[in-house]
Structure formats: C-alpha cells, structure tokens
Amino acid sequence: MLRWIVWRDLMLAWRRRSDMLSTVFFFVIVVSLFPLGIGPETQLLRTIAPGVVWVAALLASMLSLGRLFLNDYHDGTLEQLLLTPQPLFLVVLGKTLAHWIVAEVPLVVMAPLLGAQFDLSRETLWVLFTSLLVGTPVLSLIGSVGAALTLGLRGGGVLISILVLPLYIPALIFGAGAVEASIMGTSPSPHLSLLGAFAIVSLLLSPWASAAALRISIE
Amino acid sequence: MLQSGRRTISILEVSKLGCVRGDRRLFSGLDLQVSPGTFVQLTGPNGSGKTSLLRILCGLLPPAEGEIKWNGANIRALGEEYVASVTYMGHRHGVKDELSAIENLRVSNALNGVDVTTELAREVLEQMGLGGRESLPARLLSEGQRRRVALARLLVCNTKLWLLDEVMTSLDKGAVALVRSLIEKHLAREGMAIVATHQELVVSEGSTKRLELTT
Numbered sequence: 000m001l002r003w004i005v006w007r008d009l010m011l012a013w014r015r016r017s018d019m020l021s022t023v024f025f026f027v028i029v030v031s032l033f034p035l036g037i038g039p040e041t042q043l044l045r046t047i048a049p050g051v052v053w054v055a056a057l058l059a060s061m062l063s064l065g066r067l068f069l070n071d072y073h074d075g076t077l078e079q080l081l082l083t084p085q086p087l088f089l090v091v092l093g094k095t096l097a098h099w100i101v102a103e104v105p106l107v108v109m110a111p112l113l114g115a116q117f118d119l120s121r122e123t124l125w126v127l128f129t130s131l132l133v134g135t136p137v138l139s140l141i142g143s144v145g146a147a148l149t150l151g152l153r154g155g156g157v158l159i160s161i162l163v164l165p166l167y168i169p170a171l172i173f174g175a176g177a178v179e180a181s182i183m184g185t186s187p188s189p190h191l192s193l194l195g196a197f198a199i200v201s202l203l204l205s206p207w208a209s210a211a212a213l214r215i216s217i218e
Numbered sequence: 000m001l002q003s004g005r006r007t008i009s010i011l012e013v014s015k016l017g018c019v020r021g022d023r024r025l026f027s028g029l030d031l032q033v034s035p036g037t038f039v040q041l042t043g044p045n046g047s048g049k050t051s052l053l054r055i056l057c058g059l060l061p062p063a064e065g066e067i068k069w070n071g072a073n074i075r076a077l078g079e080e081y082v083a084s085v086t087y088m089g090h091r092h093g094v095k096d097e098l099s100a101i102e103n104l105r106v107s108n109a110l111n112g113v114d115v116t117t118e119l120a121r122e123v124l125e126q127m128g129l130g131g132r133e134s135l136p137a138r139l140l141s142e143g144q145r146r147r148v149a150l151a152r153l154l155v156c157n158t159k160l161w162l163l164d165e166v167m168t169s170l171d172k173g174a175v176a177l178v179r180s181l182i183e184k185h186l187a188r189e190g191m192a193i194v195a196t197h198q199e200l201v202v203s204e205g206s207t208k209r210l211e212l213t214t
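These protein sequence lines are chains A and B, in that order. Per numbering that gives the first Met the number 0, the first sequence runs over residues 0 to 218. Per numbering that gives the first Met the number 0, the second sequence runs over residues 0 to 214.
The following block holds chain A by itself, in its conformation from the complex:
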C-alpha cells in the first residue's frame, strides 16, 4: 500500500516537474545571493554559511508544503485516500516520504555545491550534507501537520509558515550548530545526534497528528 502511495505521488511530481524545479531554484538563488551581496570576505561568509543554508532550506520547504494535500483535496482524491481500508497515518507517511524525496532530497544534494561558495572546507561540506540529510525529514514530517491543518483555508500558505516555522527551530539550531561546530574544528556529532533524535520523535508523532488533522479538515 505504502509503495503505491509513494509511487503515485512521485509520478504526479514527475508529471509536474516545474513545481519541483521552482523549489530547488528558490533554494539555489537564495543561498547564492548572500555571497554575491557580501563580497569576498571569506571569514564572514564562513560564519554565516550554516545559518544561511539552513534558513534557505526551511523557506524552500514552505513553498512545496502547501501543495502536499491541496491538489488531492481539490480533485476529490483525498476523500478517496481517506476511504481506503488502511490506517490513515500510513497514507500520510507515504505522502510525506514522497514529499521528502521530491522537495527535500534535491536540496540536500545541492547544498554541498552551494556551500563551496562560502569557502567551507571539505569536511564541513560533508557535515552540512549530513545535517541536512538527517534534518530535512523533520521539515517534511512537521510540515505535513501544518499542511493538513490549514487545508482548505483561505490564505493557507501564510498560515502554514506561521504554524510550522516556529516548530522548525530545534532542527535549525542543531542542524546549523553541527556545521558551525565543524567550522570551529570541534566534533559535530552531539548536534547531529540531537537532530537525529528530533527526527525520530517527529517520525513517531507527526503522521498521527496529520491524520487527525486531515479528518477534521475534510469534514
């Protein structure tokens, strides 16, 4: 079942590639504007790099989250998904997994390339990649709760940001913290472990929360 939901959402995303590309393009542009605006001050760039890349990743996922359930809601397929004989949290988990693959993995892959503009060392780029790999599932998972809660509301896009961005703060602190630690020459692993723990907690809680929110939104 899970396989079919993921397949379906990946197929839909592939047929609407422009949506996916706009998220990646936004991320690339936002991150690249900082070195261009600040100029070749390598020390300053290194200092701001972790925060800039992570904040850009958070904002980029805001762009794609609004669509997580909205298209399905409009054409009636969401009702059908709610009426499939399987636990709703599995449906939500499948859709969240597909969202992560489509909207977050490209950011994770692009981040080391973009990080090179900030004069980061190879080890630090590797830490940046790892922190995003561990941290971006949190963005999809917590984001799905916000997307489900704001489904069908006017101005849903703005509401998602207000609801979800504050909840992203732990991921931002530990994710950027890991990269900073690597720049300072200390071990990033405590930050990464905490980030991983946060990812596991959100994996355990958010599919249930999203499922409950969807049931309310669809009434």
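One thing to keep in mind: the hints can contain errors.
To be verified - Facing chain A, according to a computed beta carbon distance under 8 Å, are these residues of chain B, among others:
1) C57
2) L59
3) E79
4) V82
5) G89
6) H92
7) G93
8) V94
9) E97
10) S107
11) A109
12) L110
13) N111
14) V113
15) K208
Stated by the list, open to error - Listed next, the stretches of chain A that the computed footprint assigns to chain B, with coverage defined by at least 3 CB atoms under 8 Å from CB atoms of chain B:
16) 6 to 14
17) 79 to 86
Don't read these hints as lab results, they were simulated from the structure. Glycine residues also receive a C-beta, built at the ideal position from the N, C-alpha and C atoms.
Given the coordinates of chain A, assemble chain B onto it according to the supplied hints.
Same frame as chain A, now just chain B:
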C-alpha cells in the same frame, strides 16, 4: 422499511440520524434500512443534505446524532473493516489529471487492496467506452470521459455497498444506461446501492426504495 411478515436481514441500519452543517439542521430522525439487493434512490432539492448524508454513511463526516450500524455493529467501531466493504463516489470524481486512465484505475484500486493488471484495466476502460484513450493523461479527456474513468472503478471493486453522489452529471445517455446496468448487476449479486440523483433512475433488479429529503 422492513417488510412486515417476512423477516429480512438488514445489513445497513441507520437510526435517528441527524446532520447539522454550520448552524443549520439539514435533517434529523432519519431511519433507513438497506438489505442486500436494495437500491435506494435519494432525492431532494439542492441543499437538502443528500451529499452530507452520503458522506456520513461512508464515514467521512461524523453524524450529529443517531447511529449507523453495519451487520449490527457501529461503523465507527468497525473502522477499516466497514470502509473495505464500501465504495463512495463523490461529485468531485477523484481522477488525477496528470495520470492516464489506466494509471488512475490501477492506483485507486491498489490503494483499496484490489490488484488490477494493465490488461484488466484496459478491458474495463474499453467497456466504459474509453477504448483508445486509456493511455492519455486524464486532463486531455472531457468531463464526461473523466467521469467514466471514475465509474470504471465500479466494475472492478468488490464491495457490498455503493454510495454514489450525483454520478450522472455530465454523462451522455449511453453512459447513464451503462451506469444503470452496472447498478443492476450489482443488485443481482446481492449488493446495495444508495444513489443521490436528480434524474429518475429505474432499475429492474432488486427492490427500490425512495428517500426524499426536504429543506
């Protein structure tokens, strides 16, 4: 209504059902028994609660009062077991524009636990009058053709209770006849169907009940 004298085992029992949308009471005290082979034609003016009733019956909407029993057990308690024996089709037909007719049919059935092979999907769509168009993305189909894609599910799903909400909209005469024959076959197999419609639908199988909602 139960026929007096002969005991019919009713599979779907609705008692004292009430529905409130916003601050408006759409209906209350609604009783309905549906036994195998029964066709319920649900009529009523716009806004009388036909869609709400069907959504309550399939479990999308919790009722304000009353209860719905399936084989004697409350549908809330049955959960997925009940969902597995129901096919609901809303007026938003649930066909993905980006997927082809075959993909739509295969995915929606796979999610309901019915495996449909490409050959079977092709055959079913041919029966629905979509031969030659089964590989086109659904957005290139007309509204009526998309409705036919949605209805093709009825040919492969293996559920007891059909809840169809205004499925005849934008269908031509041939397709309406096709839907009628699908419902007749379903009734002949001891199935049940509750259909909200503005058009008169006469089926020759099973027993027909009329339920009229008023505003």
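The hints, checked one at a time:
no.: 1; hint: C57; result: holds (6 Å)
no.: 2; hint: L59; result: holds (6 Å)
no.: 3; hint: E79; result: holds (5 Å)
no.: 4; hint: V82; result: holds (5 Å)
no.: 5; hint: G89; result: holds (5 Å)
no.: 6; hint: H92; result: holds (6 Å)
no.: 7; hint: G93; result: holds (4 Å)
no.: 8; hint: V94; result: holds (7 Å)
no.: 9; hint: E97; result: holds (4 Å)
no.: 10; hint: S107; result: holds (6 Å)
no.: 11; hint: A109; result: holds (4 Å)
no.: 12; hint: L110; result: holds (5 Å)
no.: 13; hint: N111; result: holds (5 Å)
no.: 14; hint: V113; result: violated (10 Å)
no.: 15; hint: K208; result: violated (24 Å)
no.: 16; hint: 6 to 14; result: holds (count 5)
no.: 17; hint: 79 to 86; result: holds (count 8)
Of the numbered hints given earlier, the model fails hints 14, 15; all others are met.
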